[in-house]
Amino acid sequence: MEIAGTVQRRPLILVSLLLAAFVINLDITIVNVALPTLVRELHASNSQLQWVVDAYNLCSRRCYWPPAASATASAARDSCSPAWSCSERPASPEASPTPPAS
Numbered sequence: 577m578e579i580a581g582t583v584q585r586r587p588l589i590l591v592s593l594l595l596a597a598f599v600i601n602l603d604i605t606i607v608n609v610a611l612p613t614l615v616r617e618l619h620a621s622n623s624q625l626q627w628v629v630d631a632y633n634l635c636s637r638r639c640y641w642p643p644a645a646s647a648t649a650s651a652a653r654d655s656c657s658p659a660w661s662c663s664e665r666p667a668s669p670e671a672s673p674t675p676p677a678s
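Heads up: the sequence shown runs through residues 577 to 678, numbered per our numbering.
Since the hints were made in silico from the structure, they are not lab data.
Glycine is no exception: its CB is placed at the ideal position from the N, C-alpha and C atoms.
Fair warning: there could be bad hints in the mix.
As the list claims (entries may be wrong) - Pair ranges (Cβ atoms, derived): (1) N608 <-> G581: 37 to 43 Å; (2) D630 <-> V583: 37 to 43 Å; (3) G581 <-> A610: 38 to 44 Å; (4) P612 <-> S592: 29 to 35 Å; (5) L590 <-> Y640: 15 to 21 Å; (6) A620 <-> G581: 49 to 55 Å; (7) L618 <-> Q584: 49 to 55 Å.
Could you put together the complete structure from these sequences and hints?
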């Protein structure tokens with residue numbers, strides 16, 4: 577089952593994903609190109625280089641999480657679950673009445 581505007585947006589989605597993959601690979605390549613300079617100027621050992629690469633990967637991935645989480649939440653909010661029709665969608669917790677106290 578296709579959503580109405582999905583077919584027109586497929587090229588844009590593909591380009592966005594390819595661009596994101598390119599930026600990530602470029603990032604890692606820049607770090608790897610800098611490794612010989614770190615060894616030469618800071619006299620870093622292999623173990624220390626591994627720490628640099630791992631720390632950079634962790635920090636850079638942390639920057640990608642908030643936009644990804646925001647996009648996922650937005651997509652979940654804007655779509656209907658297959659289990660419900662759009663009219664049977666459950667109300668938000670703010671809109672539901674408070675149950676009477678017992």
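Hint check results:
For N608 paired with G581, a C-beta distance near 40 Å keeps the hint of 37 to 43 Å intact. The hinted window of 37 to 43 Å between D630 and V583 holds, with their beta carbons roughly 41 Å apart. The given range of 38 to 44 Å is respected by G581 and A610, whose C-beta atoms sit roughly 43 Å from each other. Checked against the hint of 29 to 35 Å, the C-beta distance between P612 and S592 comes to roughly 33 Å, which is consistent with it.
A hinted range of 15 to 21 Å for the beta carbons of L590 and Y640 is consistent with their spacing of about 19 Å. A620 and G581 have their C-beta atoms about 51 Å apart, which keeps the hinted 49 to 55 Å range intact. For L618 paired with Q584, a C-beta distance near 51 Å keeps the hint of 49 to 55 Å intact.
The structure fails none of the hints (numbered hints given earlier).
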